[in-house]
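2 protein chains.
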Amino acid sequence: MAKQDRAIRTRRMILLAAAKVFEERGYQAATISEILAEAGVTKGALYFHFKSKDDLALGVLDEQDSHFVVPDRACKMQEIVDAVMLHAYRLQTNPMVRASVRLAMDQKAADLDRSGPFLRWSNVIQQLLEGAQARGELLSHITPARTADVFVGSFAGIQSMSQTISDYEDLMGRVSDLLRHLLPSVAQPSVIASLHMSGSRGAVVHEEVERLQEHDPSALAVG
Amino acid sequence: MAKQDRAIRTRRMILLAAAKVFEERGYQAATISEILAEAGVTKGALYFHFKSKDDLALGVLDEQDSHFVVPDRACKMQEIVDAVMLHAYRLQTNPMVRASVRLAMDQKAADLDRSGPFLRWSNVIQQLLEGAQARGELLSHITPARTADVFVGSFAGIQSMSQTISDYEDLMGRVSDLLRHLLPSVAQPSVIASLHMSGSRGAVVHEEVERLQEHDPSALAVG
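Chains L and X, in that order, are what the protein sequence lines are. Each residue of the first sequence is one higher than the one before, starting from 1 at the first, in full-length UniProt numbering. Each residue of the second sequence is one higher than the one before, starting from 1 at the first, in full-length UniProt numbering.
What the hints contain is simulated information worked out from the structure, not anything from laboratory work. Treat the hints with care, as some may be off.
To be verified - These stretches of chain L come out as covered by chain X in the derived footprint (C-beta under 8 angstroms, 3 or more residues):
#1 20-30
#2 83-91
#3 111-120
#4 151-158
#5 184-190
Every residue gets a Cβ at the ideal spot worked out from N, C-alpha and C, and that includes glycine.
Taking the hints into account, I'd like the entire structure generated from these sequences.
Structure follows, in structure tokens:
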């Protein structure tokens, strides 16, 4: 294994350990010693990659969206639906994404800047909405930046409600309901009629992304 | 002061202290000793009102909606808008409501049942939607229970995003944006056209409720 690959793997192991400890203990209570013990790496290795607990938390926060990709579609609104459904699917199945979202929603981590995921997700959705607007898919009065914030904020709450009530079991149904309430205020009726947004959409898109990443990475738009 | 009044006041002081400690330390890290010190009451007084830390937390969670009232309106959709705007206003101005909402959103308080506020708010909104439906204010396909869940979940996330990005300074604008995106999928256009939902609506309704509670409590519908 090349030196660089090893460094990437070590960084990943440390982040996974940090995510686990933040999730179990909360950001405030978690300590670097606990993260070291969980990761099973040396203090030197940890400090080579991360300067502080804050730095580790920002690394975990990055994980929910930094590798975010969605397949290109003729209809840009479908890309937005796919992005939302894929994120919901990853929340259900990927412990790292789950830990990152919980950390972003930790209103008690007062000294940690948790705005990153909100702002980056809003930026991704805004760009997709601008693409949809350029293609005439949106209603005429829409301001992409404000609509993007509504999508991101409301999704954050829907996932939190689903986690609280059913530990994410009812997440897909709740996300479908949210989209059915938001889209008629945003997109042209003919566009909405063409959208795929059933509960299984997230899993379908996830498999498609995995396949494309292996065989045809150029077909993936980086968010 | 009558014995009962004194008991109510003591209970309230303990809840305020608990809210403050949960807010500062997080639910998991908070201890009953800290709450005792903050409240300045005896151990006996605390245990007379609350059996455990869990019990204290449920008391704080109750506070965000148990005294919830909104003035009667001819248009039921206006009552829903008023309920949402009033809650946003109380979040900005009332430390107890703020602490209660943060505790409900604390995804790390794993052993605490935080579903209460979600379910009770959803129930309040569902009842108002059923009233609106009976008056013909809603679009024909609406299922009040599912739409209520979308309102409650999305509001929870919008407030969290506002707290994270601006410490609630931009809350009213974000809540207005959310309502403008949800209402067209729920209510008849002629109903929406009649609604008051500017950023100052929460403060206006709050003053009205205070006035009515003093002079004409029967005009307030308990949620």
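The hints, checked one at a time:
1. Three residues within the 8 angstroms Cβ limit are the bar, and the region 20-30 of chain L against chain X gives 5, so the coverage statement holds.
2. Judged by the Cβ-Cβ criterion of 8 angstroms, the region 83-91 of chain L is not covered by chain X as claimed, because only 0 of its residues qualify and three are needed.
3. Counting residues of the region 111-120 of chain L whose CB lies closer than 8 angstroms to any CB of chain X gives 4, which reaches the minimum of 3, so the coverage claim holds.
4. Evaluation of the coverage hint for the region 151-158 of chain L: fulfilled, as 7 residues show C-beta separations to chain X shorter than 8 angstroms, against a requirement of three.
5. Only when three residues or more bring their CB closer than 8 angstroms to a CB of chain X does the claim for the region 184-190 of chain L stand; here the count is 3, and the claim holds.
Against the hints set out earlier in the document, a violation occurs for number 2 only.
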